[in-house]
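J.: As you go down the protein sequences, you meet chains A and B in turn. In this note's numbering, each residue's number is its place in the first sequence (first place is 1) plus 1. In this note's numbering, each residue's number is its place in the second sequence (first place is 1) plus 51.
Calculated directly from the structure, the hints in this document are not laboratory data. Cβ atoms here follow ideal geometry from the backbone N, Cα and C, with glycine treated the same way. Heads up, a few of these hints could be off.
[To be verified] Pair by pair, the computed Cβ-Cβ distance ranges are: (1) N69(B) to S61(A): 34 to 42 Å; (2) N13(A) to I111(B): 27 to 35 Å; (3) I111(B) to R43(A): 39 to 47 Å; (4) N13(A) to R95(B): 23 to 31 Å; (5) Q68(B) to N42(A): 21 to 29 Å; (6) G91(B) to T21(A): 20 to 28 Å; (7) N69(B) to D10(A): 18 to 26 Å.
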Amino acid sequence: AQSVAQPEDQVNVAEGNPLTVKCTYSVSGNPYLFWYVQYPNRGLQFLLKYITGDNLVKGSYGFEAEFNKSQTSFHLKKPSALVSDSALYFCAVRGGGFKTIFGAGTRLFVKA
Amino acid sequence: DGGITQSPKYLFRKEGQNVTLSCEQNLNHDAMYWYRQDPGQGLRLIYYSQIVNDFQKGDIAEGYSVSREKKESFPLTVTSAQKNPTAFYLCASKGDRGHQPQHFGDGTRLSIL
Chain A
2 AQSVAQPEDQ VNVAEGNPLT VKCTYSVSGN PYLFWYVQYP NRGLQFLLKY
52 ITGDNLVKGS YGFEAEFNKS QTSFHLKKPS ALVSDSALYF CAVRGGGFKT
102 IFGAGTRLFV KA
Chain B
52 DGGITQSPKY LFRKEGQNVT LSCEQNLNHD AMYWYRQDPG QGLRLIYYSQ
102 IVNDFQKGDI AEGYSVSREK KESFPLTVTS AQKNPTAFYL CASKGDRGHQ
152 PQHFGDGTRL SIL
């Protein structure tokens, strides 16, 4: 069965420093992987996805993610964090049929 | 602009009352979903629908019901059988290709009076 894990409940980073939010996955077959962001009292917003091809995927707001098949990871990265990046981040993988399996979420705090 | 509209933004339920949360989309998506999100937690799937007049239970369907009479609409009813309904409810839709992401509404926050 497909699953996704986000090992960190919270990530703290100073503004201007690089950030990484970790995600590992377990799938049968080729993975379709996604990152979403959620701001307070809002729905999830799509950031980026990996289907196939380049292992480095670029997305919205300067975010990128690195797909690593051998480590079954899909970590979210940004070279220089902004205070406005503070939010809840979800990794997700396509599940069976039309379902999407979401991780538990990682809260990112960017300190000025 | 295309998107998903959830209403109301805030909803209060009395003891023994059923309440219905609205979800409308104009993205022409076949698939629609309802999730429940508890404070500081991830998303749990309540119900989903892949096509009009068809829907399936998710992981936590007990105490909830849905209908899918129109492609654009997927209302969720929280029944009195749901003993702990206080949560943030999110509706989403998705196109028919596996690699397409889900699009989310801005949620309804349900509380008990």
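J.: Hint by hint, note whether the structure agrees.
T.: Verification of the supplied hints:
Distance hint check: the CB atoms of N69(B) and S61(A) are about 39 Å apart, consistent with the given range 34 to 42 Å. Between N13(A) and I111(B) the C-beta distance comes to about 32 Å, which sits within the given range of 27 to 35 Å. A hinted range of 39 to 47 Å for the beta carbons of I111(B) and R43(A) is inconsistent with their spacing of about 22 Å. Range check, N13(A) to R95(B): about 27 Å between beta-carbon atoms, so the 23 to 31 Å window is met.
Judged by the Cβ atoms, the range 21 to 29 Å given for Q68(B) and N42(A) holds: they are separated by roughly 24 Å. A hinted range of 20 to 28 Å holds for the C-beta pair G91(B) and T21(A), which are about 21 Å apart. Distance hint check for N69(B) and D10(A): the Cβ-Cβ separation is about 35 Å, which falls outside the suggested range of 18 to 26 Å.
Consistency with the previously given hints fails for numbers 3 and 7, ordered from lowest to highest.
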